[in-house]
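As a plain string of letters, each chain reads:
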Amino acid sequence: MSNLRAFTHDTSLILRRSLAQARRGPVLAFGFPIVFPLLMIGLFSQIYSRITNVPGFPATSYLAWMAPAAFLMTAMFGSGYSATGLVTDVQTGYLDRLRLIPVSPAAIMLGRLLFDVVRVLIAGLVVLVASVAFGAPFGGGPLDVVGMLIVLALWTLGYTGLFYVVGLTSRSQQKLAVLIPAFLPISLLSSAYIPRSLAPHWVQVAASINPYTHVVDAARHFMSGNAHWSDLAGAVLAGGALIALTQLGAARAFARLVRAD
Amino acid sequence: MASIAAPLTALATPTNAAGPPSGAASVAAIAATSLSRHYGSVVALRDATIVVDYGTVFALLGRNGSGKTTTVHILTTLTLPTGGTATVAGFDVVAEAARVRRSIGVTMQAAALDPEMTGREHLELVCGAWGDRRSQARTHASELLAEVGLTHAADRLIATYSGGMKRRVDLAGALANNPGVLFLDEPTTGLDAQSRRALWERVRALRDSGAAVFMTTQHLEEADALADVVAVLDGGRIIAQGSPAELRDQHSATTVRLRTHDPAATTARLHERGFTTGVTVERDGWTRVDVTNARAALDVVDIARTAGGVTGLTVTPPSLEDAYLSLTGHSVERDPNRLVENPS
Numbered sequence: 001m002s003n004l005r006a007f008t009h010d011t012s013l014i015l016r017r018s019l020a021q022a023r024r025g026p027v028l029a030f031g032f033p034i035v036f037p038l039l040m041i042g043l044f045s046q047i048y049s050r051i052t053n054v055p056g057f058p059a060t061s062y063l064a065w066m067a068p069a070a071f072l073m074t075a076m077f078g079s080g081y082s083a084t085g086l087v088t089d090v091q092t093g094y095l096d097r098l099r100l101i102p103v104s105p106a107a108i109m110l111g112r113l114l115f116d117v118v119r120v121l122i123a124g125l126v127v128l129v130a131s132v133a134f135g136a137p138f139g140g141g142p143l144d145v146v147g148m149l150i151v152l153a154l155w156t157l158g159y160t161g162l163f164y165v166v167g168l169t170s171r172s173q174q175k176l177a178v179l180i181p182a183f184l185p186i187s188l189l190s191s192a193y194i195p196r197s198l199a200p201h202w203v204q205v206a207a208s209i210n211p212y213t214h215v216v217d218a219a220r221h222f223m224s225g226n227a228h229w230s231d232l233a234g235a236v237l238a239g240g241a242l243i244a245l246t247q248l249g250a251a252r253a254f255a256r257l258v259r260a261d
Numbered sequence: 001m002a003s004i005a006a007p008l009t010a011l012a013t014p015t016n017a018a019g020p021p022s023g024a025a026s027v028a029a030i031a032a033t034s035l036s037r038h039y040g041s042v043v044a045l046r047d048a049t050i051v052v053d054y055g056t057v058f059a060l061l062g063r064n065g066s067g068k069t070t071t072v073h074i075l076t077t078l079t080l081p082t083g084g085t086a087t088v089a090g091f092d093v094v095a096e097a098a099r100v101r102r103s104i105g106v107t108m109q110a111a112a113l114d115p116e117m118t119g120r121e122h123l124e125l126v127c128g129a130w131g132d133r134r135s136q137a138r139t140h141a142s143e144l145l146a147e148v149g150l151t152h153a154a155d156r157l158i159a160t161y162s163g164g165m166k167r168r169v170d171l172a173g174a175l176a177n178n179p180g181v182l183f184l185d186e187p188t189t190g191l192d193a194q195s196r197r198a199l200w201e202r203v204r205a206l207r208d209s210g211a212a213v214f215m216t217t218q219h220l221e222e223a224d225a226l227a228d229v230v231a232v233l234d235g236g237r238i239i240a241q242g243s244p245a246e247l248r249d250q251h252s253a254t255t256v257r258l259r260t261h262d263p264a265a266t267t268a269r270l271h272e273r274g275f276t277t278g279v280t281v282e283r284d285g286w287t288r289v290d291v292t293n294a295r296a297a298l299d300v301v302d303i304a305r306t307a308g309g310v311t312g313l314t315v316t317p318p319s320l321e322d323a324y325l326s327l328t329g330h331s332v333e334r335d336p337n338r339l340v341e342n343p344s
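Same order as they appear, the protein sequences are chains S and Y.
Mapping to my numbering: the first sequence position 110 is 110, numbers consecutive.
Mapping to my numbering: the second sequence position 16 is 16, numbers consecutive.
The set of hints was computed from the structure by calculation and includes no laboratory data.
Quick caveat: nothing in here was measured; it's all calculated off a predicted structure.
Among the hints, erroneous ones may be present.
[Said to hold, decoys possible] Not close to chain Y: a few residues of chain S, all C-beta gaps over 10 Å, as computed:
#, residue
1, Ala6
2, His9
3, Leu13
4, Ala20
5, Gln21
6, Ile51
7, Gly93
8, Leu98
9, Val103
10, Val118
11, Val132
[To be verified] Pair ranges (Cβ atoms, derived):
#, chain 1, residue 1, chain 2, residue 2, range
12, Y, Val315, S, Ser172, 41 to 47 Å
13, S, Ala106, Y, Asp92, 38 to 44 Å
14, S, Ala106, Y, Asn64, 44 to 50 Å
15, Y, Arg133, S, Phe57, 37 to 43 Å
16, Y, Arg133, S, Val146, 28 to 34 Å
17, Y, Val27, S, Gln91, 34 to 40 Å
18, S, Arg23, Y, Gly329, 51 to 57 Å
19, Y, Ser331, S, Val178, 43 to 49 Å
Every residue, glycine too, gets a C-beta built ideally from N, C-alpha and C.
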């Protein structure tokens, strides 16, 4: 087998393993990333419905404003899933077992990452459909849906990279669990829940340097059908930067783990 | 229990067949020279020199923390040595690690299996990783399951398996690439007597089919029963190496215990007749004499009878346990004051 074929083969082996595991624990794998965003849609849209009375609020309903955030929330909820699985593999020695049969170490990580993306994309679609069913306006076409999914995939890769780095360096599920509430400041200090124009100045500053803002804005424009190429570019840049930062760190930590010393 | 010797060769997949090479007599299966490994200031393994031939069972005997798992990790390329060299199946463990891995099968101390997979799924993953395409992997996995007698439980989650079954799955996975060299790290720890015997049978069959089996164990009777060569590991150092018989003869003695009315007189008589060393007076009228062979044992009994009569007698043949005790100064049970080695 050529190297690339072998690598793809190995990656698909790991991906299939993750799928088999997920089939056995579908609630954790697929249900979890859907529940909280749906809760957001249901509750937030009702609780904060009168926020539209604020002069200058740029959307017809609060649901319309935060639906893209709920869509992207699927990436951040249950984001520790694969990273936790990887830490378990390290602790039980299963990773050593995988190293002894010639599965390429990179394939072990990539297989899991791909699975992360797959399950988040599924969850994202479900949440998108649900928000539209609840009344969020969707002004785009099928290409915009694709755009949203691309943005979601990029954000997933970047965000879960964080969990991989922490998981692989600490090798502890507890330390990993501490990361989970990170989604709160990240999403609050962005344009996810409140238009930047209505936020206090320091929040505006924070939001402008927060990559999540650009990702949310891109998703929002796709959803309203007003997307420009610059949106996708901005999201790709922001997501790409985060991915580079976290995944490189994760790959290094993983390489250190499988190195024989 | 069916012998697995013949079907082993039938399991070879052409691209990955790694049985003992022809002309194997000239190449040792495992050859380690002055192998060492330290973690900071802790020396886990010191100056280990080992040669294992194909078609033999080699047992590394020692208690927890003695360096057994470290040795296995180095020879299976999971850890780099900090000193010395080693080749496995003719390949250097440092420079040709990937080739070493292709030539060996390994079962770990804690059968490192994913509890959320079925036995079949695990073996299909392993076979797939060795290069089988999907349908090939399915067939191959079924064969391996049959070899270790797990077909009936193949589609149950590994989490539901008993300890013995888990080790059997682990072993089946280790055999997937038809390796010429097998590493079994404490393969029977935690198993009941019946499972232990069954595994011993498999090890013998593997050896008879030409594989080299490198196993670690804490159990003296296991080393005694299975090994062609035993190395005693203590505090990271190999302090003796040889066949079980050699170790017994060199480091253990036949022990005669006599109960007599007058141990002092008995001792005096024994001294007169040439048994000057190895005579110990114990409690309750017992005298213990260590002798080198059965003839001497008979002589001792005769001397004691003429000296004053023998009211109690036991004769204990040389044992590996005695050899271990005399070599290491302690028994093989775990020392509660010593940290258990954790090479990860």
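Structure-based check of all given hints:
1. Ala6: violated (8 Å)
2. His9: Per Cβ check, His9 of chain S is inside 10 Å of chain Y; nearest 7 Å; violated.
3. Leu13: violated (5 Å)
4. Ala20: violated (6 Å)
5. Gln21: violated (5 Å)
6. Ile51: Fine: 44 Å to the nearest Cβ keeps Ile51 of chain S off the interface.
7. Gly93: violated (4 Å)
8. Leu98: violated (8 Å)
9. Val103: violated (5 Å)
10. Val118: Non-interface label stands for Val118 of chain S: nearest chain Y Cβ at 18 Å, farther than 10 Å.
11. Val132: holds (35 Å)
12. Y:Val315 <-> S:Ser172: 41 to 47 Å: violated (57 Å)
13. S:Ala106 <-> Y:Asp92: 38 to 44 Å: violated (24 Å)
14. S:Ala106 <-> Y:Asn64: 44 to 50 Å: About 35 Å separates the Cβ atoms of Ala106 of chain S and Asn64 of chain Y, which means 44 to 50 Å is violated.
15. Y:Arg133 <-> S:Phe57: 37 to 43 Å: Hint violated: Cβ distance 58 Å, outside 37 to 43 Å.
16. Y:Arg133 <-> S:Val146: 28 to 34 Å: Distance hint for Arg133 of chain Y, Val146 of chain S holds at roughly 33 Å.
17. Y:Val27 <-> S:Gln91: 34 to 40 Å: holds (37 Å)
18. S:Arg23 <-> Y:Gly329: 51 to 57 Å: holds (55 Å)
19. Y:Ser331 <-> S:Val178: 43 to 49 Å: Cβ of Ser331 of chain Y to Cβ of Val178 of chain S: about 45 Å, so the range 43 to 49 Å holds.
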